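There are 2 protein chains.
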Amino acid sequence: MLIVQKYGGTSVADLEKIRKVAQRVARYKDQGHDLVVVVSAMAGETDRLLSLAYEITPEPAPRELDMLVATGEQVTSALLSITLQAQGYPAEALLGYQIPIYTDELFTRARIQEIPTERLRKGLSQGKIIVVAGFQGITPEGDITTLGRGGSDTTAVALAAALRADLCEIFTDVEGVYTADPRIVSQACKIPRLSYEEMLELASAGAKVLDIRAVELAMVYKVPVHVRSTFSEAPGTIITEEDEEMEKVLVSGVTYNRNEARISLYGVPDQPGVAAKIFGPIAERGILVDMIIQTGRPDGKADLTFTVPRTTLREALKLVEEVAQKIGAERVESSEAISKVSIVGAGMRTHAGVASKMFETLARHGVNIMMISTSEIKVSCVIDEKYTELAVRALHEAFGLDQPPQEEK
Amino acid sequence: MLIVQKYGGTSVADLEKIRKVAQRVARYKDQGHDLVVVVSAMAGETDRLLSLAYEITPEPAPRELDMLVATGEQVTSALLSITLQAQGYPAEALLGYQIPIYTDELFTRARIQEIPTERLRKGLSQGKIIVVAGFQGITPEGDITTLGRGGSDTTAVALAAALRADLCEIFTDVEGVYTADPRIVSQACKIPRLSYEEMLELASAGAKVLDIRAVELAMVYKVPVHVRSTFSEAPGTIITEEDEEMEKVLVSGVTYNRNEARISLYGVPDQPGVAAKIFGPIAERGILVDMIIQTGRPDGKADLTFTVPRTTLREALKLVEEVAQKIGAERVESSEAISKVSIVGAGMRTHAGVASKMFETLARHGVNIMMISTSEIKVSCVIDEKYTELAVRALHEAFGLDQPPQEEK
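Read top to bottom, the protein sequences are chains A and B.
Residue 337 in the working numbering sits at position 337 of the first sequence, with consecutive numbering throughout.
Residue 435 in the working numbering sits at position 26 of the second sequence, with consecutive numbering throughout.
It is possible that part of the hints are untrue.
[Stated by the list, open to error] Covered stretches of chain B, as calculated for chain A (at least 3 residues, CB under 8 Å):
#1 465-471
#2 475-485
#3 489-501
#4 504-511
If you're looking for bench data, these hints aren't it; they were derived computationally from the structure.
Everything numeric in this text was worked out from a predicted model, so none of it was measured.
Think of the CB as a built atom: it goes at the ideal place given N, C-alpha and C, for glycine as much as any other residue.
With these hints in hand, go ahead and build the complete structure from the sequences.
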């Protein structure tokens, strides 16, 4: 089999952990598999590098910021390759520019555009274990880009897709995807299988175990993904296409996201194209708008509220304030004290009443709902941040997740 | 003027020092100069990275070792560029592969082959300060190489040569080139001007202030080099072509090199091509042989003694022992407890008796001479390591260097 593996920062946090990763990789190689291994920066290194840059200035040049933080993965890939070779396994470390992993020019949150596979295939055909520095790519002009937080997951799935690998294994510091965050819900259970759609909704709703762009790529290219622990041999969560055998649970998991912020524009004049004027500049900067609510007013104007990732609030707010002045909106407000709780499950497609049960549960616990959004297999509610844990625990219990799910045969 | 500047590791040791470097660079820019700034890794970083690799294995894979240590300069170049941009100066950090600085494939001690200047000139024509990660290059196949210790000096002079820069300034933690190591000879004085030839001999004889390959490049391409301190405004040592006005001092400086080791082959059969058999494999590995002495013996065999850098003794010895067995030499011996003291001066060309005065001075102080080598403007003696300081001080005094040289007008 051709397997792409990804090891996160805590899995390669020091030389001893890197040695253990090398041993695991070697075991796969001994079993006859072809291997591409994607590594993150050693735990803490990316933050250390970022803090150097932000100590210089609150707004470091994005091109140079990417050049700076990309060194983290470069170091790990070199160290893992040196370790494998010292153990007698032919290995070759490759950086984003060497493969090359082409991206667009959105520094600090670039998107992968194309991955030629000649260099990778050449190394594999020579029997080498290819060790890839995750999180990084290169623009057509040759500048280093990074893919944003969680970017190494995306690197791994994108490589698996480009190489048509048989499996993509994401090794991390948890044993898989859980019905809820075990730090909040002690009865949370590992979910043995999930469909891409469910994982996508869980990831977009705040489950941090797997980056959302990685899930999207896996879904589009039908890459089977196995999320599992570096520190144990236990099977984790397998993410594949939905099939007949997959148990259609009503709700697979409850998740939450604190990286939310709200921006409200009051008194927006009712003109054609006003929404494009507001959301155009935000989209151009690559900022993701999640929920949008527009409310008509008796005076013909409208109030508009939407959410963005909290980390981008400052940037988004600046853009919105400029637009508000141009279009003559009355005022702009924002809040960071919100969070989003969500329930996700493929079974929702065929069962009515899931959303109303969620609203009823939250109401019973005194949690006010500010915004709602739904998809075929997800319901999300924006609530006051202080109720986050309460809401997650209440929903986990209300949907019967406090029992361990049945393992499939 | 187009000026290439190089700042060493102690000059960029922390963010505060990098800020000061940025201020100095900005001052040059304000004066209307075009600037290419080459930086080393922050002091201690290269050693930290190397020790990680050597903690894994005593013989890390050279390709990955270069990929690892090249991150040091990548970090500094990004941080300096961020600092300059934060101060309002357009800047662009460029890595070895981006320029590109093409080298051969001798990992860990690669030699620069070619530097296309299009990318550099493009940035300069846009008014940007170009910040270059020193010490690193790229093979035609796209692998990262490093140029060995002192490689950032070579990067700076090679860039100055490729760009036909007006001046190459080497900023370091000393004020210039001295008549002797001030840590050993307290009366040592800064030398205001030196010819390339003198600097070359000083560097090859152990003066560490400027890398020898950098001096060679400067001489070939006639790049004026100014070695000076990052931490003061005082003029340093200017290295240029020898001219009429340059004072022809008999001896410009006394220097020493402890990075020496001796290998002796006894009973080498007198066959055609035996020297090639011994020195061929050593040269192929890029190990520099300094002095060679061959002594005939009554039995028709020969004894051969030569010196190599102490850091390469282990590797050289392995190669020599293999050859010794093949050609049937009697035995191989080696010693690390030697050092080389040298006197250098352009005035030697026209003055006889300098060498004999050196031998006489050493003899008077009881220092036994093991090997001698001379050039037009240098005399070197290999001696027992323990006499190093004594020999340097004695020679410094004997050749009248204890007086400060006259500054030129």
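So, going through the hints one by one against the coordinates:
With a cut-off of 8 Å between beta carbons, the segment 465-471 of chain B has 5 residues touching chain A; three or more are needed, and the interface restraint holds. Only when three residues or more bring their CB closer than 8 Å to a CB of chain A does the claim for the segment 475-485 of chain B stand; here the count is 6, and the claim holds. Counting residues of the segment 489-501 of chain B whose CB lies closer than 8 Å to any CB of chain A gives 7, which reaches the minimum of 3, so the coverage claim holds. Given a C-beta distance limit of less than 8 Å, the hint that chain A covers the segment 504-511 of chain B holds, as 3 residues qualify and 3 suffice.
Checked against the numbered hints listed earlier, the structure breaks none of them; every hint is satisfied.
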